[in-house]
Amino acid sequence: MIKGEKISSLQLSVLIMGYIFGSSAIMNPSARAKQDAWLAYIIGWIGGLCLLNIYLYISQNNPGKNLIEILKHYFGNYLGGLLGLLYIWYFIHLAALVLRNFGEFFSTNVYTDTPMSFLMLSIMTLIAYLLRKGLEVLGRFSEIFVPITFLQALIVSISLVTLFNLDNFLPVLEFGFQPIIKASFSILTFPFGEVVIFLMIFPYLHKKKTIKKVANYSFLIVGLILLTITLRDLLVLGPDMFARYHFPPGITARMFPLLDLDPLIDNNLLIGGTIKMSVCIFAAVTGITELFNLKDYKVLILPVITISIGLSIWLYEDLFQMHNWADKVYPYYAIPFQIVIPIVLFIIIFFKNRHSNN
Amino acid sequence: MINKRLTILALLIFVVLILSGCADYKEIDETTLIKGIGIDLTEDEQIKYSLQIIQPSPNVSQGESQNGATSSGAVTISVVGETIDEASRKTISLTGRTPYYGHSELIVINEKVAKKGLQKYLDYLVRKHDIRGTSIMVFVKESANKILNSKHVLQKISAIGIQHSVNGMNQMGYNITTDLFQFMTALESKTIDPVGGIISLTKNLSSDKNLPQEILASFGGVIFKGDKLVDWLTPKETRGYNWVKEPKEVKGPVIIQVPGKDKTQKVSIEVKNSATKIRPVIENNKIKMEIKIKSLGFVIENMTPEIQIEDKKFRKFLNKMFRQTVKNEIEKTIQKSKQNGADIFGFAQVLNRKYPKKYQQVSREWDSILKDLEVDILIDAEIMRSHMLK
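These protein sequence lines map, in sequence, to chains A and B.
Everything in the first sequence is counted per this note's numbering, starting at 0 for the first residue and increasing by one.
Everything in the second sequence is counted per this note's numbering, starting at -9 for the first residue and increasing by one.
Bear in mind the hints are in silico, worked out from the structure with no lab data behind them.
Nothing here was measured: the structure is a model prediction, and the numbers come from that model.
The C-beta atom is built at its ideal place from N, Cα and C for all residues, glycine as well.
Be a bit skeptical, because a hint or two may be false.
[As the list claims (entries may be wrong)] Cβ pair distances, simulated, as ranges:
id	chain 1	residue 1	chain 2	residue 2	range
1	B	Gly86	A	Ser121	29 to 37 Å
2	A	Asn215	B	Thr(-3)	42 to 50 Å
3	B	Asp120	A	Asn352	53 to 61 Å
4	B	Gly92	A	Thr161	19 to 27 Å
5	A	Ser158	B	Thr(-3)	42 to 50 Å
[What the hints assert, rightly or not] One-sided excerpt, in silico: chain B residues whose CB lies under 10 Å from chain A:
id	residue
6	Leu7
7	Tyr345
8	Tyr349
Given these sequences and hints, build the entire structure.
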C-alpha cells in the first residue's frame, strides 16, 4: 500500500458508484435477453452483490493490504507475484477496453468525423493530470461529478415517462431461462464483477470500519440507477429495437419530442468513463509499484496510460469486434479475475480463520 | 530550466492543436437544413430522392406573420441515385452544401417504393446518426416529389404543413400518425405489421385565386404485410384501425342516420375518453380475440329538429346506433386486415404476450389462422351530454 494516500467514506462511495456507472451508461449486455432484460439485470445485480461481499471479506481480513500484497501473502512470492502480474494486466486491459468503448461511442454518435485516437488522447490527458494529483483528488472529483451524472440519468428517465409502454415487458420468459442466464452472466461480469479492482482501493479508506456499509450501500444505489436506465431503454424502445442499436441510451434520449437530451447521455459517459479509467490505471500503477517494490507510483502513470491508449487502438479492428468481445468473450475472460481467484482466496482465508479460532 | 522550457513548448504545441478548431464543426451556411424527405423510384428502379430544404434568406425574421406561419420559403430538389446515401450526397452538386437531417419532420414515400419492400430504403434513415426517429411517415400514390412541391394552404414549407395536417386528421381518426421509429419497431417485430398515414392531392373547392387547382389533403391510411405495402384504407376504415390502436386520439364525429322520409336527418356524436383492450381467448384449443372498447359520446349536432336529445326513446336509439356504427367501422377494417393477411392490429402480439407457448405452437401457420380468426367486438359506449342544447 502506498503511504500518504487517504480517502473518506463518501469519496469511496462515489468512486464505487462512478466506477460501476462508467461505461454501463451506454452499453447494456442485458439487451440480449430482449423483454426479459430487466430480469437478467436483476439476477446479475444480486450475483454482483454476493461477489462484492466476498471481496469485502477478503479486504477486511487483511486490513491495510492491497490485492497484490494479499496474493503474495497467501500464495507466496512466486505464485502470488504471477497472479498479481495477471491482475495488473487485467486492470490495464480493462482501462483500454473502457477507453475504446468511449471512443467508439463518441465517434458513432457525436463526432463522426473526428479521429477516434484524438478523442482518446484528450480524455487520457485529463486522467493523467488527475492521477498525478493523487487518489484524493480523484475522490473529490467524483464527489462533485457523480451526483451530476445521476441527476442527468434521472432527468432523462423521468422526462421520457410518457413514452413508456408497459406492454414491452410481455411476454415474460418467451425464450425460456437460457438467454436470461447468459445475459445475467454478462451483467455480472460487466459492470458488477469489475468491482474486484476496489481491492486495490479499499486499504486507502480513512475509517476502516465503515467499509462494508459504504460499499454495499453505494453498490445498491448505483444498481438502482442502472436498473432505471435498463427499464427506461426497454420500455421506450421495445425489446426488438433495444437489441438492434449499438448504443440504446443515445437513441432513447432522442425519442423525446422537440428536445435533444442526448448530450446528457454523452456527459454521463464522459464522467463515468473518466472515473472508471482513472480507477483502473490507479490500480495498475499501484500494483506495479507494490509488485516490484518501487517507491513512487507517479512516475508510472504516463507510461501505463500510453500503453493503454496503444492497447485500446490495437484491441479491435472495428466496432463489431468490440461488441462480439463484450458479448461473447469478455464474460469468460473475466471469470478467473472476478470469480475464481477471489473465491479461492476467500476459502483459504475462511479456513485459516476457523483454524486460528479453534 | 530546459525542462521548464520544454514543458512550455509542449503546451504551446498542444494549444495550437486544440485551438485550431474542431474537426467536426458544421457551419450553418455550409449545411442545408432539411425539412422533408421524399423517396420515389425511377423507371429503371433507381432511387429518385427529393429533399425539401429551407431556403436561406437574410430577412427571415422580418417575415414572421401573425398566425405563426413563417414566410421563409422552402425549395425542393431531386436527384437520382443507386442508393439513398449516394443520392443524398449528390444533392451537394446542386446546393453546394452538406445535407443536415437533424430538423427533418416528414418522410414521403411513393407507393411503388413501399410495394417493393420498404426496409431496404429505410435502413439509411434509421442508421444515420443525425436523423431523428420522430419524423412522420406518409405514403402517396402520386410521386413524392410532386407532393413535396404542392402547395399547403397555410404553411409555405409544405413538409411542416403536411406533418400538421396528418397529425390533425389523426384526431378525427381519418389518418394515422406513424413516425419513423414506430414504423421500424413494427417492422422489426415479428408479431405485428406496420401501418402508415397518407397524403394526397385533392381538388380545390374554394374559388380563392391564390390557391392552385389541387391542394394537399390527408385522409386515409395504408397497411403493410411485412415491409410491403398491400392495401389502402378509406378514411372510415382508418378510423376503424384507430378505434382499436389509438383510441385516445379519436374525437369523432360518429354520424348516425335517423330513419324517416328525410334522408338528411343525421346526428353527429363527438367522442371522448375512449379506451380499448384486446384480449386473446382460447376456447377448446381455438384462438379467439376479444376487443373491448369503452367510450363516451357528446351529441354535437342534431339535424332532426323535431326531436330533442332529452327524449328517452331517441337517446336509446342513438346509443344503440352509436355502438353499432363504431362496431361496423372496426369490423370493416378487420375484414381488410384478414383479406390481406396483414396483422395490423397485432393479434399475434397480443396472443404472444398473454399465451407465449400457444403462440409458439401456431406461429408458423399464423397467416391461415388470421384469415378466419374470430374477433368479438364489445362496445360500451354511451351518450353522456349534449353540449349547450337540450
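Each hint tested on the structure:
| no. | hint | in the structure |
| --- | --- | --- |
| 1 | B/Gly86 - A/Ser121: 29 to 37 Å | 32 Å, holds |
| 2 | A/Asn215 - B/Thr(-3): 42 to 50 Å | 44 Å, holds |
| 3 | B/Asp120 - A/Asn352: 53 to 61 Å | 59 Å, holds |
| 4 | B/Gly92 - A/Thr161: 19 to 27 Å | 22 Å, holds |
| 5 | A/Ser158 - B/Thr(-3): 42 to 50 Å | 45 Å, holds |
| 6 | Leu7 | 9 Å, holds |
| 7 | Tyr345 | 8 Å, holds |
| 8 | Tyr349 | 8 Å, holds |
Consistency with the previously given hints is maintained throughout, with no hint failing.
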